[in-house]
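Q: All chains should be modelled from the sequences, with the hints used to inform the complete structure.
Residue strings, one per chain:
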Amino acid sequence: MSVISIRNLSVTFPGDAGPVQAVKDVSFDLEEGEILGIVGESGSGKSVTCRAMLGLLPRRATLGGRILHHGQDLTQPAAMQAARGRDIAMIFQNPASHLDPLMTIGDQVAEPLIFHFGMSRAEARAEALKLLDAVQIRDAAGRMSAYPHQLSGGMKQRVLIATALACRPKLLLADEPTTALDVTVQAEILALLKTLNRERNLTMALVSHDLGVIAEICHRVIVMRQGEIVESGRLRDLVHAPKHDYTRLLITSQPGRLPQMTDQRPDSAPLIELRDLSLHFPGKGDKVVRAVDGVSLSVRQGECLAIVGESGSGKSTVARAVIGLNAPTGGDILYEGRSVVGLKGEALTAFRRKVQMVFQSPFDSLNPRMSIQRTIAEPLWRHGLATKAEAMDRALELMDMVELPRSLAGRRPGMLSGGQCQRVGIARALALSPRVLIADEVTSALDVTIQAQILKLLTRLRKEQDLTVIYISHDLTVVRKFCDRVAVFRTGQLVESGTTAEVYADPKAAYTRDLIAAAPDLDQALAGVT
Amino acid sequence: MHYLTFIGRRLLHIVPVLIGISLVSFLLVMLVPGDPVRLVLGPRATDDAVAAMREAWGLDRSLLSQYLTYVGNVVQGNLGDSLKYRLPVWDLIAQYLPRTAFLIGYVLAMTVPVTVLLAVTAARREGDWPDQVIRLLSVLGMTIPVFWLAVIFARLFGIQLGWFPVSGYGEGFLGHLHHLFLPAVSTSLWLAPVLTRNLRGALVQQMDADYVAACRAKGLPERLIFRRHILPNSVLPTLNLLGVMIAFLIGGSVVVEIVYAVPGLGALMIGAVLGRDYFVIQGLTLVYALVTVLVTLVIDLLTAAIDPRTVG
Amino acid sequence: MKPALTRMLLASAASLLFIAAPALADKIRIGSPYQTSTLDPMRSAAAGSIETFGQLYSRLLRIDEAGQLAPGLAETWEVSEDGKIITLTLRDAKFSNGEPITAEDVVFSLLRVRDTPDSAYPAPIQTLDTAEAVDASTVKLTLKHAFAPFLGNLEVFNAGIVSKADVEARGEAAFVENVVTSGPYMVEAWIPNDRLIIAPNPNYWRTGFPKNEGAELIEIPAATTRVSMLLSGELDVVRDVPWSQVAEVTANPGYAMPMEPSTVVYVGLLNHARPPFDNIAVRQAAAMALDTAAIAQAVTFGAAKPANSTIPNTLKYYDPDLKVNGFDPAAAKAMIDSSGYDGSELTILVSESAESEQQAVLMQALWAQIGLKAKIEKADAGTFWSRLTSGDYDATPTWYYNETTDPDLAVRWALCGACGNNAYYTFYANPEVDKLVEQGAAELDETKRAAIYAEMQRITTTEVSQIPIYYPPFANAYSTALHGLGMTPALQWTLEGATLDK
Amino acid sequence: MTETSAINLPARDRPRLKKGTIELAIGVLIVGAWILAAAGAGIVAPADPNALDLAAVLAPPGPAHLMGTDNLGRDILSRVIHGARIDIWMGFIGVLAPLCIGVLVGLVSGYYGGMTDTILMRLVDITVAFPFFILVIAIVGLLGPGLANYFVALGLVAWVAYARLVRAEVLVVKRLEFVQAAKALGFPDRAILFRHVLPNVLGSITIYAWTDAVMVILAGASLGFLGLGAQPPTAEWGVMISDGQPYIVQAWWICFFPGLAMVTLSLGFILISDGLSRRLRVSQ
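Protein chains in written order, with the numbering used here: chain A, 1 to 530; chain B, 1001 to 1312; chain C, 2001 to 2502; chain D, 3001 to 3284.
Treat each hint with caution, since some may be false.
Unchecked claim - Taking CB as the label site, the calculated pair distances span:
id, chain 1, residue 1, chain 2, residue 2, range
1, D, 3188, C, 2371, 40 to 48 Å
2, B, 1068, D, 3119, 18 to 26 Å
3, C, 2484, B, 1068, 54 to 62 Å
Claimed, not checked - Cut-off 25 Å, straight-line C-alpha distance, at most; resulting in silico cross-link-like pairs (PhoX-like, lysine-lysine):
id, chain 1, residue 1, chain 2, residue 2
4, C, 2316, C, 2333
5, D, 3183, A, 388
6, C, 2084, C, 2140
7, C, 2323, C, 2027
8, C, 2323, C, 2305
9, A, 354, D, 3183
10, C, 2333, C, 2144
11, C, 2375, C, 2333
12, A, 344, D, 3019
Please keep in mind that the hints were generated in silico from the structure rather than gathered at the bench.
Even for Gly, the Cβ is constructed at its ideal location relative to N, Cα and C.
A: Encoded structure:
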């Protein structure tokens, strides 16, 4: 019996250049007790479809088709108002912004109970406490009067889940619920969702860009692209016999299925050495935040070293210290055997030409008010390596190198896709012909298909330019394919390091084992779930 | 506990500000041309008389020595005597502070409910005609000079219709309300639009916030979401602006004080500035600054009470 | 319990609302732009305070309704043959605190004005040599030399009698709280920068006066507000109705504007100390370029009379027939062209009053027609006075008034280069005029005096010590419910004789 | 700005409605018309704004004088048109001077932080503690009336708002990766501040500046009312309104038309500000 039936759903937004159809004629059913995965890249309409099911689209959107739930058409406001919160609930990608910052979490969880079931505040709070327990929040009683900003990301997502479950809904819509979370937390949340599905017979729709995540818990999957469903069916069938080209591309782009891109050079000399490096910052009150604490590590000439860890592990801070954006509070950083800590003036400028960085966010890492050609050219003339005109010419060559069409030269970042922006970032970093390239989560904001392309590009450039790469990532599957050696960080400390093959084959630290286990992987999931 | 440390920190913060203010207010007055003595003694005063008075008041001493005397007195709570009235500055200020405070209180009592009503109406019907009308009115309200409006109001409601007095402070609470009605309305007509625009903007922005979508997903009705979630979150920036505006009004009320002949602190300040009554200017700027700092403090504390994130 | 509490709260709230107002209903409410800045008659010579002093402190003599000198605190007086000794006999009068007013008080009050270093205006009694209390009710004043205007000067605002005992005991505080007065009124409340409330002095020597319950002297700087308050019934009297609103007020049957003559004269001061106005030809051209009739018409709508002499037209010995440097733009242009004026721009300094500003604008336009280029610089009162006194200006339209109808103080202030104020800070200095000033003061014969002052007017007007513009009346508006209130040329309200219909 | 993850469309596809276009268009039209009138005042105005005609004082609006004449017989229409020069100039300089100071302070303070920030922000605290209008009155009152001194006062006082605004924005922008990238690339601070940070904080400053211009003009008019305004015979709207007040019954046109001019120009400014903010989706 289907809990919800979508019939010919279409969603249109008014846009600068006429209306934009975000969802086109989409139909599917959700059967009771199943977990349906909806997968697709950004802009595929998967989130819009999900939000439409709960009437959460902006007012300017126009809706076509029907959403049937127990004989009621939810495109009608009255029917929707009756169903949402009670029968259908939803959790969101960014738990931080989906909680009211001014209200205690106890009250937020209790709120739907008061409204839908007419409970008193005390009753509702008692129930809320049970719910918080049910979503495995430690010290739930103590957390009742906490405010959202006092909780971690994973905790917030659990609170949102508790709120969604408050009225015992039949259907839970989950819109990228783990994308903003660390892998280990992601694994826990996914496990929680799975438990809820099993124990409460809760029907779910899980929207995600990550097939690995879908594979962990979903029974059935819909693949969306450009507002349309391109393919649907059981995941196993889909993976083994994709019918649509796009599905095929999606599957081959899965990190686990990427070709091995490592380039082992075990005997090269160390290029960069971290010696007992510490970065401590003053925190709230008298506390000290030990962002990096006594780390010793060396990066060898020509290798690709991965620095892996979850948020707060200090992996980005280390990278920023290497490049001189953060000053160490202890220890030393050596480049070719010479300390680069506290460099100033000419020496610093010279060092910066040697070590460059590519950043995480494709859009934020480019000045939105500067054309990409200027962006790429700027380092050249600012460092006095070329005149402005020469630099602009050289920028075009660099664009060729990162496979960007020259026709984009005059555009600003806002008019480019994420993948193109990331290529601009790489071209800019390479403009000074550095010897070391630090890549900080460069693919984490990109779709998997684009991620595969960028990794391929980096591999090629690494060979051509003889680059040493420090690759910072939370994604162990990517690291396994791409990096020669790996260093695992946790709360500012180095947990383990070694060649990628060794570490993956035989992780020494428990934490490393947890990380590897938690990483979602399509094939492992398929093997496990069956 | 956190809250107390927060207050303590804010209070400590005030000290250097006050020292800076005393110095600025002193220099402002002393370094500028114009002779207070001539204005006090009247045009017919002889040059000898002028010189004698300058000496008597220590105006011929060095700037530093004058500043030190001034600070010394202020620390003992003595703001000095008015050159013009030969009365303690504090007495003059104490006489007018309640009037200005009452006027501002009146203005706020008039403005805040109207602001909330208009902003909420506009935000809830964003883009519809009530929103358009409210936005247009608020733009108009912001562009009309207060003194012009005041003159017209005095003519219309005071003389033609005879509904309200055009001057004075009145006697007793009701008398104050009656006499200050026109000044308060004239000020409100300018203040309400400023606040309404701000609050409406915040409401509209918050209505798109993610937590609102989450509330809708919980199935809460719009009215409840608005009252319990959107409004508290939107009020913060407007509260801040209100603080700025109160501080502005303490001095900015001078125009209505003059048009409606309700001498308050503003009128005292104008008189002192034009009369070069040094010690009154200094005393007033200090008091103004102190009030501003206190208003800001109160607003900060209110903000902290509403928003747990501020205290940390 | 609860209702009782509520009732109690309500009752206390109500009592707060209706705190009994002091009974001000019967007071005459006078609105004026001028402020009372002090209650000490010695301390100020500025308009506002001047009016106040007159109501609080009796002088030895007073000006009666006909404008003649009449007995004040002094019942009789005698002047010696040579004019140097004046003996006055005091009447039996009391201060507001019930203490008798004695010759000691008189001597103390006069010498205080003359001798205190920062006394605002000692000029009127500068010729006083000694003052002596012969007995409790007889005062003997000895002058340095014969001085015709002296008796008149004893009526001036700062010659009011204060209590010696009280002032010596309390010092400046004597003029702040519980002020002891000798005039028709005493202080009920003084709210600086707002108003002075006065009540009848029960011990006032003129029996039957004051005829009213007192007055509120309310300070209202904004002219339109004063008029609005009058029209809405919040004032009974308004001082300085803007000329533009005179028609509006007089059109209303409830108000009268008698346009009492004043001793005010508007003059264009010229700075003789620097070019171009150090050149008499330029000054004369500047004077002849000004169409004073048109200026009077435009600014005062014809209320003021164009001026022909350097002194006010209400003063004794004013010469109405003097006709020099009359309006003649063609001649003025010719004079400018041949004067050697280099065409450089001059500065018209103006204080922030609408009337002066308009005069400045007209002055600028009329001068432009003869090729005299000027720019206007507006300054607030503080800056205006420091620039004026230091001679940092070329021309400025401004005004002065005279405390008495005798021209002595006026010419010392405005024309005399050797009397301490550089001829109203024009730096005009003609030794002949200076000599005439002293002669006029010492001369006791009326006809001879008249000739001296006529000569003085002729010389200064011809030499353009300053440009006379117009003689305005007082633009005071009175409610028709008021009777007997007016303003004397010496800026004194005839308040004690006024009555207010209920 | 709160982080909104509303719908996962790439930025360029996010439905950016041309909200605010109408406001912007009307605003630009009004302000443009005034600027044109001001620029061509010599041609547009029918008469010399300062030419006196004592034979035609207080003439009501009519064919000879479309907006009537004032008490000195000056043509109001010409004075209003020439007044546009003064008032637009006033709005322009009155905003630009504090804007430049404020932006500089805000940039330096926000970007460098630390001791520089502490000192500058303490200075801001002190300036803020003086009520704005009072300080302007004090400075203008003490230095003497006139536009120049008004600008001095604004420059001394009004920069604070810009400094705070810019600092707050810089604190956000400087964490953005493109600024980090510029640092990592070894660009000099000046280049980072002016080429990378500044252009990205200009949006909200522009929006504020347009509204601020209205404040500047209105506060200037109030100064005129208090006798501290432009020097006579300058045709400045605020002074014209305040000089015309006594004639409000006898000759309403003297203060009505300059008042209307001030309201329309301000309206134009605010509409531009509104339109911009709605287009850039920044709240006021």
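Q: Work down the list of hints and note, for each, if the structure agrees.
A: These are the hints, each one checked on the structure:
The supplied range of 40 to 48 Å is broken by residue 3188 of chain D and residue 2371 of chain C, whose beta-carbon atoms lie about 59 Å from each other. Here the CB-CB span from residue 1068 of chain B to residue 3119 of chain D is close to 24 Å, well matched to the stated 18 to 26 Å. Residue 2484 of chain C and residue 1068 of chain B have their C-beta atoms about 56 Å apart, which keeps the hinted 54 to 62 Å range intact. Among the hinted pairs, residue 2316 of chain C with residue 2333 of chain C is inconsistent with the structure: their alpha-carbon atoms are about 35 Å apart, more than 25 Å.
For a cut-off of 25 Å, the pair hint linking residue 3183 of chain D to residue 388 of chain A stands: about 19 Å separates their Cα positions. For the given pair, residue 2084 of chain C sits about 10 Å from residue 2140 of chain C by alpha-carbon distance, which is consistent with the 25 Å threshold. Between residue 2323 of chain C and residue 2027 of chain C the CA atoms are separated by roughly 47 Å; this puts the pair beyond 25 Å, and the hint is violated. A C-alpha spacing of about 14 Å is found between residue 2323 of chain C and residue 2305 of chain C, which places the hinted pair at or below 25 Å, so the restraint holds.
At roughly 14 Å between alpha-carbon atoms, residue 354 of chain A and residue 3183 of chain D fall within 25 Å of each other, so this suggested pair holds. Using a Cα cut-off of 25 Å, the hinted pair residue 2333 of chain C and residue 2144 of chain C is violated, with the two alpha carbons roughly 49 Å apart. A threshold of 25 Å between alpha carbons decides the hint, and for residue 2375 of chain C with residue 2333 of chain C the separation of about 19 Å falls inside it, so the pair holds. Distance check on the hinted pair: residue 344 of chain A and residue 3019 of chain D sit about 48 Å apart at the alpha-carbon level, beyond 25 Å; violated.
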